[in-house]
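Engineer: For this one, chain A is given, so just place chain B on it according to the hints.
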Amino acid sequence: MFYLAEQMPRGDFLGSLEQIVMLAVMRLGTNAYGMTVRREIEERTGREISIGAVYATLERLEAKGYVSSFTGEPTAERGGRAKRHFEIEAAGHLALNASQNALKNMSEGLSRRWKRA
Amino acid sequence: MSPSTLALSQRILERLMPPAQAEALLGDLLEERRLRLQAGSQVSVAGWYWRQFASSVPTLLWASVRRGAWLITVVTAVASYVAANGIQFVLWSALSPMTSKSGPTVVGLFSFAAALAACGYVAASIRLGAARLLAFLAFATTCAMLAISTPASLWYEGSLLVLGPAATIAGAALSGRLRRVRL
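So the protein sequences, as listed, match chains A and B. Counted from 1, the first sequence has number 161 at position 103 by the numbering used here; the numbering is strictly sequential. Counted from 1, the second sequence has number 151 at position 95 by the numbering used here; the numbering is strictly sequential.
If you're looking for bench data, these hints aren't it; they were derived computationally from the structure. The model shown is predicted, which means the values in this text are computed figures rather than measured ones. Heads up, some of the hints might be wrong.
Said to hold, decoys possible - Derived DEER-like restraints, expressed as beta-carbon distance ranges:
no.	chain 1	residue 1	chain 2	residue 2	range
1	A	Lys122	B	Ser120	17 to 23 Å
2	B	Trp106	A	Lys162	37 to 43 Å
3	A	Glu145	B	Ser100	32 to 38 Å
4	A	Lys122	B	Arg90	29 to 35 Å
5	B	Met57	A	Asn159	44 to 50 Å
6	A	Thr88	B	Ser97	32 to 38 Å
7	B	Gly142	A	Gly167	55 to 61 Å
What the hints assert, rightly or not - One side of the interface only, derived from the structure: several residues of chain B facing chain A at Cβ under 10 Å:
no.	residue
8	Leu69
9	Met73
10	Ala80
11	Asp84
12	Leu91
13	Phe109
14	Ala110
15	Pro114
16	Leu117
17	Ala119
18	Ser209
19	Leu210
20	Glu213
21	Arg233
Backbone N, C-alpha and C define an ideal beta-carbon position, used for all residues, glycine too.
Chain A on its own, in the form it takes in the complex (with noise of 0.2 Å):
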C-alpha cells in the first residue's frame, strides 16, 4: 500500500467515478468501448449514467495516462462510425491499486460502528 501510495503523484487518489469507470473498462477487456462501459456500470451499480458522463471521465483518466485508446473499424449499425476501445495502463492500475487499499485501510475495524448507524 505505501509502496503504491509512494508511486503516485501526491493527492492523485481517484473520484468514485474514476474508480468506477475504471473497474468497468477492467471488466470488459478487449470489448470496452463507450457503450458496453455504460451498460456495465449501469447493470452492476443500479445507477444511471449518461454517455457523456463515460466519455468526460475516461477522457480524464486518459489525459492522466491512466487509461488508453484506440480506434476501430466503423460499423454498420453504428451508423458507420468507428467504435473507440479503452485499456487500462499500468499507471493506471498503478493508481486505482492505491485508491482502492486507501478505502479499503479507512473502513477497516468500521463494520461494527456501520451496522449501528
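Structural biologist: Just chain B, lined up with the frame of chain A:
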C-alpha cells in the same frame, strides 16, 4: 422521434467534443438506441435517448470548458474589459471635480489608461493571452466609439487609440516581471 430532431441533437453533441471522440460517442448512442428499439417501444426508447442527451450536454459542456483554454482566456479578457470600464468610471468620477474643464481632458485619459493597466495586470496574472485579447478589445472598442461619437480633437482621439493597448500591455508586462521576481 423525427430524423431531423435526432440529427439536431447529434449536431449539438458533436460541437461539444473533439471530432474523434464525438464520432465514437454518437456511434455508441446509435448502437444502443438500435438495441433498445429491438426490445422496447419507440416511446420508451425516445425517453431514454432524450434523458441521455439532456444529462450528457452539461457534462460535455463542462469538459469542453476544462479542455478549451481559449474559453477561459476569452472569459477572462471580457471580464477584465468590463471591470476596466467600471474602474475607469469610478476614477473619472473621483478625479473630474478637480478640473473645471468639460469634454476631453487629461483626467479622462489618465483614468482610461490606469484602469486598463490595472486590468491588464490582473488578466495577465490569470492568462497572458487574456491580456493580449484585452488590449485588442480596448483598441477595437475605442475605434468603434470614435466612429459613432462626435469628433473630438485629433490629439485626444490618437491618445485614446494608443493609450488603451499600451497601458494594457504595460500592466501585463509588470505582472510578468513580478512573477519572474517571485520565482
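Engineer: When the hints from earlier in the document are held up against this structure, which numbers fail?
Structural biologist: 18, 19, 20 and 21
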